[in-house]
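Each chain is listed here by its residues.
Number of protein chains: 4
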Amino acid sequence: MAYEFKIVRDVQWSDTDMAGIMHFSNFFRFMEAAEHAFFRSLGFSIHTTQPERVGWPRVHADCDFSHPLRFEDSVEVHLLVRRKTEKSLVYSFIFRKLNGDAPREVARGSLAVACVKRDEEGRLKGVPIPREIADRIEVAPE
Amino acid sequence: MAYEFKIVRDVQWSDTDMAGIMHFSNFFRFMEAAEHAFFRSLGFSIHTTQPERVGWPRVHADCDFSHPLRFEDSVEVHLLVRRKTEKSLVYSFIFRKLNGDAPREVARGSLAVACVKRDEEGRLKGVPIPREIADRIEVAPE
Amino acid sequence: MAYEFKIVRDVQWSDTDMAGIMHFSNFFRFMEAAEHAFFRSLGFSIHTTQPERVGWPRVHADCDFSHPLRFEDSVEVHLLVRRKTEKSLVYSFIFRKLNGDAPREVARGSLAVACVKRDEEGRLKGVPIPREIADRIEVAPE
Amino acid sequence: MAYEFKIVRDVQWSDTDMAGIMHFSNFFRFMEAAEHAFFRSLGFSIHTTQPERVGWPRVHADCDFSHPLRFEDSVEVHLLVRRKTEKSLVYSFIFRKLNGDAPREVARGSLAVACVKRDEEGRLKGVPIPREIADRIEVAPE
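Protein chains in written order, with our numbering: chain A, 14 to 155; chain B, 14 to 155; chain C, 14 to 155; chain D, 14 to 155.
Derived by calculation from the structure, the hints in this document are not laboratory data. Take these hints with a grain of salt, some might be off.
As the list claims (entries may be wrong) - Computed beta-carbon distance windows for the label pairs:
1. L55(B) x E99(D): 46 to 52 Å
2. K19(D) x K138(C): 37 to 43 Å
3. L111(A) x I150(B): 35 to 41 Å
4. R53(C) x E145(B): 18 to 24 Å
5. R53(D) x E133(B): 45 to 51 Å
6. E17(A) x P141(C): 30 to 36 Å
7. P70(C) x I150(B): 26 to 32 Å
8. I150(B) x Y16(D): 40 to 46 Å
9. Y16(B) x N112(C): 37 to 43 Å
10. S58(D) x E155(C): 32 to 38 Å
All values reported here derive from a predicted model rather than from experimental measurement. C-beta atoms are modelled at their ideal positions from N, C-alpha and C, and glycine is treated no differently.
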């Protein structure tokens with residue numbers, strides 16, 4: 014069972030905006046990249062090899078920004094499982110800039126995702142997290 | 014004085030992801046587009062024609078998603094000023110899908126932004142919102 | 014029958030990069046937005062309401078950049094049909110910045126797209142452009 | 014002296030579109046990522062540590078797409094220097110999908126970039142490639 018995962022990403026030119034810093038929307042893309050890497054670390058692809066082919070639409074996303082990221086900064090995205098219910102998961106994320114004098118926290122956020130399937134008419138419907146997945150995920154200790 | 018603004022945006026193909034819906038990070042881009050259009054409605058550009066050339070880095074962003082947006086959906090982004098302090102603003106945003114049987118709320122979010130200037134070493138420092146701007150903005154009634 | 018279409022787009026903050034100009038990859042997104050708007054002008058959605066549910070993957074894309082676009086610039090994207098074969102279309106695009114002293118060409122590009130369907134195994138296969146679509150599109154005069 | 018460089022990138026969920034494949038505009042972002050990594054391999058950052066603080070705006074970009082890339086595909090981007098003039102460089106790029114039965118070419122493109130500086134009025138002006146950079150770059154053999 015696992016409750017955390019870390020990825021490292023480098024800020025690309027196309028991640029920046031005219032203020033010379035990473036555009037804030039890209040922090041959310043990095044959170045999602047960590048979430049998908051976490052799933053791969055459990056042996057699943059969020060897309061193709063999941064039991065029962067469930068999907069994980071976002072229900073909530075937030076981020077608090079304390080320091081900017083710049084081009085070529087290297088950032089660790091640390092995912093922690095914060096909540097696990099029958100049909101949903103909540104992750105928190107800590108962003109740490111790794112280059113520079115010392116690793117430094119630059120942002121902190123969270124994602125809440127629902128486990129869903131499409132019904133016959135194509136509508137998304139909440140379903141229990143498949144047992145094979147739920148059994149691999151636990152909530153991080155405080 | 015103004016406390017709200019609305020823009021309408023159409024979901025482009027490049028806004029979608031492989032789930033067939035608008036990628037959640039783009040809701041944050043739409044919020045920012047509404048914020049900048051709000052500033053233009055007050056007679057300022059967020060970038061070039063602001064008194065004192067202040068900047069507005071994001072301090073916090075969040076969004077709750079209730080229904081997906083799809084390619085070619087038309088969405089109204091309704092900005093409301095929720096808080097105004099000496100050095101910051103908080104906006105809330107309501108997303109309403111305009112096409113379909115009836116307008117329908119699909120998401121709700123907020124942005125908190127700080128008013129900053131660069132000091133001589135290029136570091137961002139919080140400063141009071143320039144009077145000409147602050148005088149044009151008021152908090153929306155509940 | 015139609016051989017051209019024009020859309021106008023405003024450059025958003027999130028379209029820019031740290032050089033203070035629109036990131037070059039976004040010119041391609043604007044081309045595609047013009048292509049899809051052209052289809053809507055013919056009475057089709059590129060996605061949902063096309064005869065025979067064909068798809069239009071990109072086979073080739075190019076762009077020549079002569080002047081930068083900046084935040085809040087307004088740009089006209091002028092699509093022209095350059096070639097029409099049984100199974101493909103080639104569009105050219107002229108980008109003109111509308112604000113400033115006088116409209117000015119800033120870039121010029123093209124897209125070649127193939128008309129495809131998925132076969133039973135999900136592979137894309139070139140197919141003739143459905144008659145209802147082909148009948149609405151003609152090649153622009155030189 | 015160097016004339017080539019390779020990077021490997023994994024296709025992220027946010028790189029895909031509703032056709033279930035990587036959006037074509039992102040191939041251009043991957044080309045640029047390879048270009049910047051090539052510069053780092055020479056000991057320069059394209060941004061901060063370049064002699065004379067020159068910039069490299071794109072003058073031309075093109076790509077031919079032969080096979081789609083999908084979520085979680087791993088792609089090698091192989092940069093080759095194709096032309097070097099006093100004030101410009103032309104790179105070609107070969108995209109090879111690494112996962113699956115065997116590496117497979119999926120796309121091929123090029124970027125032409127100009128070496129520029131800002132004059133006193135902020136306008137970009139073509140300048141000779143700084144000697145320290147030009148001396149490190151050679152054209153790939155045919």
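Hints and how they fare:
1. L55(B) x E99(D): 46 to 52 Å: holds, 48 Å
2. K19(D) x K138(C): 37 to 43 Å: Violated, since K19(D) and K138(C) (Cβ atoms, about 32 Å apart) do not stay within the stated range.
3. L111(A) x I150(B): 35 to 41 Å: Taking Cβ atoms as reference, L111(A) and I150(B) lie about 39 Å apart, which means the hint holds.
4. R53(C) x E145(B): 18 to 24 Å: violated, 41 Å
5. R53(D) x E133(B): 45 to 51 Å: Once the Cβ atoms are compared, 29 Å apart, the range 45 to 51 Å for E133(B) and R53(D) is violated.
6. E17(A) x P141(C): 30 to 36 Å: Given range 30 to 36 Å: violated, Cβ gap about 53 Å.
7. P70(C) x I150(B): 26 to 32 Å: About 47 Å separates the Cβ atoms of P70(C) and I150(B), which means 26 to 32 Å is violated.
8. I150(B) x Y16(D): 40 to 46 Å: violated, 55 Å
9. Y16(B) x N112(C): 37 to 43 Å: violated, 28 Å
10. S58(D) x E155(C): 32 to 38 Å: Violated: the Cβ-Cβ distance is about 46 Å, outside 32 to 38 Å.
The structure fails hints 2, 4, 5, 6, 7, 8, 9, 10 (numbered hints given earlier, in ascending order).
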